[in-house]
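Asks: Each chain is listed here by its residues.
2 protein chains.
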Amino acid sequence: MDLTNLHSLSASDAAQLIRESVISSQQLVEACLARIREIDGQVQAWAHLDPDHALVQARASDEYRLTGKPTGPLHGVPVGIKDIFDTADMPTEDGSVLHAGRTPSRDAAVVSRLRAAGAVIMGKTVTTEFAYFAPGKTRNPHNPEHTPGGSSSGSAAAVAAEMVPLALGSQTNGSTIRPAAYCGVIGYKPTHGLISRHGAFALSRTLDHVGLFARTIDDIALLAEQLVGYDEYDPDTHPRARIPFIDVAAQEPPVPPMFAFIKTPMWERADDDTKEGFAEIVEQMGSQVEEVELFPSATLRLSSGQAEAWQWHQTIMAAEMAANLEREWEKGRDRLSEKLREQIERGREVRAVDYQRALRHITPIHESLLELFEQRYDAILTPAAPGAAPKGLASTGDPSFCTLWTLCGMPCISLPFLQSTNGLPIGVQLVGPRHVDARLLRTARWLAAKMAES
Amino acid sequence: MDLTNLHSLSASDAAQLIRESVISSQQLVEACLARIREIDGQVQAWAHLDPDHALVQARASDEYRLTGKPTGPLHGVPVGIKDIFDTADMPTEDGSVLHAGRTPSRDAAVVSRLRAAGAVIMGKTVTTEFAYFAPGKTRNPHNPEHTPGGSSSGSAAAVAAEMVPLALGSQTNGSTIRPAAYCGVIGYKPTHGLISRHGAFALSRTLDHVGLFARTIDDIALLAEQLVGYDEYDPDTHPRARIPFIDVAAQEPPVPPMFAFIKTPMWERADDDTKEGFAEIVEQMGSQVEEVELFPSATLRLSSGQAEAWQWHQTIMAAEMAANLEREWEKGRDRLSEKLREQIERGREVRAVDYQRALRHITPIHESLLELFEQRYDAILTPAAPGAAPKGLASTGDPSFCTLWTLCGMPCISLPFLQSTNGLPIGVQLVGPRHVDARLLRTARWLAAKMAES
Chain A
337 MDLTNLHSLS
347 ASDAAQLIRE
357 SVISSQQLVE
367 ACLARIREID
377 GQVQAWAHLD
387 PDHALVQARA
397 SDEYRLTGKP
407 TGPLHGVPVG
417 IKDIFDTADM
427 PTEDGSVLHA
437 GRTPSRDAAV
447 VSRLRAAGAV
457 IMGKTVTTEF
467 AYFAPGKTRN
477 PHNPEHTPGG
487 SSSGSAAAVA
497 AEMVPLALGS
507 QTNGSTIRPA
517 AYCGVIGYKP
527 THGLISRHGA
537 FALSRTLDHV
547 GLFARTIDDI
557 ALLAEQLVGY
567 DEYDPDTHPR
577 ARIPFIDVAA
587 QEPPVPPMFA
597 FIKTPMWERA
607 DDDTKEGFAE
617 IVEQMGSQVE
627 EVELFPSATL
637 RLSSGQAEAW
647 QWHQTIMAAE
657 MAANLEREWE
667 KGRDRLSEKL
677 REQIERGREV
687 RAVDYQRALR
697 HITPIHESLL
707 ELFEQRYDAI
717 LTPAAPGAAP
727 KGLASTGDPS
737 FCTLWTLCGM
747 PCISLPFLQS
757 TNGLPIGVQL
767 VGPRHVDARL
777 LRTARWLAAK
787 MAES
Chain B
337 MDLTNLHSLS
347 ASDAAQLIRE
357 SVISSQQLVE
367 ACLARIREID
377 GQVQAWAHLD
387 PDHALVQARA
397 SDEYRLTGKP
407 TGPLHGVPVG
417 IKDIFDTADM
427 PTEDGSVLHA
437 GRTPSRDAAV
447 VSRLRAAGAV
457 IMGKTVTTEF
467 AYFAPGKTRN
477 PHNPEHTPGG
487 SSSGSAAAVA
497 AEMVPLALGS
507 QTNGSTIRPA
517 AYCGVIGYKP
527 THGLISRHGA
537 FALSRTLDHV
547 GLFARTIDDI
557 ALLAEQLVGY
567 DEYDPDTHPR
577 ARIPFIDVAA
587 QEPPVPPMFA
597 FIKTPMWERA
607 DDDTKEGFAE
617 IVEQMGSQVE
627 EVELFPSATL
637 RLSSGQAEAW
647 QWHQTIMAAE
657 MAANLEREWE
667 KGRDRLSEKL
677 REQIERGREV
687 RAVDYQRALR
697 HITPIHESLL
707 ELFEQRYDAI
717 LTPAAPGAAP
727 KGLASTGDPS
737 FCTLWTLCGM
747 PCISLPFLQS
757 TNGLPIGVQL
767 VGPRHVDARL
777 LRTARWLAAK
787 MAES
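Just so you know, the sequences run in chain order A and B. Under the numbering used here, the first residue of the first sequence carries the number 337, and numbering increases by one thereafter. Under the numbering used here, the first residue of the second sequence carries the number 337, and numbering increases by one thereafter.
Do not take every clue at face value.
Given that identical chains are not distinguished, each listed pair holds provided it fits within a single copy or across any two copies.
Here are the simulated lysine to any residue pairs, SDA-like style, with alpha carbons at most 20 Å apart [stated by the list, open to error]:
1) 786 to 624
2) 473 to 384
3) 786 to 618
4) 473 to 391
5) 405 to 395
Calculated from the structure, these hints are not laboratory results.
Chain A on its own, in the form it takes in the complex:
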């Protein structure tokens, strides 16, 4: 373990070293702040960062630990928070001038849970405007001329650039998986309703998910275990037995997992690097992977070029965004980006019958996908994005390889196993059935070991 570069530590290692009094939280946070000073001028991952306030929290956790009282699993570990999650001690501006200077009086549910686990809330990371498409200032740490992806741009970039070991984002279409892939870190979008969204800016109750960023699968499991749980203020969470993410993710699968390689109707968008990379993975994995056609049944056949599930996602997202952003649209639509304004205008025209029809398709699609898992496969293997991060900062890239899984509320993880010819990371996405999240992490770890063999 390299103690000269504390900012490079994983959260699991850092938490252990703090627990064992090898390092202090203050040392860790100082190292991360130094890293931020060194590199954030170029990356610009942070919307709000007060180094003194972070250090105050770090020193307080060190003092607390010295009392001998029990500490949480993230005691003293800094975490970046996408600036759509309310924080009682920092502004939360949602990436929009309309919310400039907004200072919530309460923490979002996930922020409360992180504090309860002992984490240091490092600062707020850059989000696109209201977690939709209009980019913030963040650049890709691998090449500042390329987008970091979005909407969780700052969280992905901050973890990739080793400014923090962990960060929170969100995903309504591809806002966690895509930036994780573009920035070369691990992104995990859990099953819909596992993690409370209370206190987060809401785009779409049906589609919004909390997203997690880390550099190791262990860290994703560690973070997930702190965040999952029932919250009476998020009507899509439900009381359920604790999920032992850390233990399950660390296990060896009893038999080698089987993967369903699914190109999806979006495959034509995949670039050559991605296509070649997946061909290599498929070859390397041999009998553990099989290519599977999506929606072979007649009832769910997608009309040529028209992927209906993607349309249903758009109908739901537009209609729910129009409802959630009604106040912003009424009071300040001229201060919204053109893309967002157009989306809201589309959403305002959606009829309730069409909205409900789109909602009704979710369960049947998920059920048709469930058959895959029940019959034979442990995870779907599919690209996280059409390719590496595109050049330019005017767009955050294409979420279409995430849309279907987000619509169905299925757990997804992006793993940085591939590289483009220009040296940028390319993400491999694994998707599991709803509520089989911990096992998906176990499967991801198996795949990571398999990839490392090559």
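Given chain A, work out where chain B should sit, using these hints.
Replies: Same frame as chain A, now just chain B:
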């Protein structure tokens, strides 16, 4: 106990007598069938009734009981089922010519539960067209020139006329409480999501409830205890601890309950009999009742004459009906009643943003009502309908005294404590907070005893 009129027995008494081998299910069902032959020519409560099939079930339960195997709490007791609940052994026509001859292959969840409890499924009771407003053939047992109310017309009338001790209905606005009040029986609409609606014709996921009819509070508790429970096929039901309806309903309240007499913005619709009746009840109950103004807070103030909550209910009901009845509207709109066609046409025009806005008001309204219960009151006391059953069979009456509680998913019970000057029953409605159903029955029993004192 009068064993010469078995059809008059309560379900609780009948079940006990069967358990104790004093009577057989066959005797009970024969008595009910005799009562139907005697009186149903006038009342016309049944959409489908096959006396032989009912007797086959009754004899089978008698034979089963003789084996000494354990029997369910409703063993051998006949129950009427509103003809919107699927039955595998009888047609289910939903009160519409469009569904004439429809024979489902499976039982609705409630029908399965009744069979598991040992009940004899007597037959299907008349519903209005698709449980909306267009009346069926049923007449009020107290006066055939008056409506029995709707949409659960046959169930209310069959229980009132002592053709069965128990029946199932549904309520999306006032479809259980209103016919119970008009027919002079007890109607109970449980908390939204307590009883599965799987296999029932769906008008509105947000507003649809299963409704219960009986002639005693004990019977309501007995029936409710068989029906409540999680069903994975009804997404609004949730796993929860068993509710001991029978035990709680039988208890004496530890202190005399307090009632909040609420006139609601609909009070001007109440007729003189109702106003006088409530004035007498309030006087009789003395310090146990206080008149409370609804929505005194500024945020929920209703504009004069315009009761917004009633509009939100209408927006949700119209939009969801338009989605649920899309196939009927597309294939056979000329075979729908004019009222239903107009409702669907209104619903098809509702925008998704307005629909979502209406949905969003439900929680705040319920929370503002919760304050009443938390501060001081055990139940809201309010009319079940503007008055007794109106004359004429072209309309099923006015549901407006039920709308608000249905919108909020609150448990309601209608009790036949009053009478109009023309001798027809008038219902007194008690309303409780969500999930306090069993205690609402206990409160209702206390009130029934108090009323009997006079």
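Asks: Give a verdict on every hint.
Replies: Here's how the hints hold up against the structure:
no.	hint	verdict
1	786 to 624	within (11 Å within a copy, 73 Å between copies)
2	473 to 384	within (12 Å within a copy, 69 Å between copies)
3	786 to 618	within (12 Å within a copy, 77 Å between copies)
4	473 to 391	neither (25 Å within a copy, 77 Å between copies)
5	405 to 395	within (15 Å within a copy, 69 Å between copies)
The earlier numbered hint that this structure contradicts is number 4, and it is the only one.
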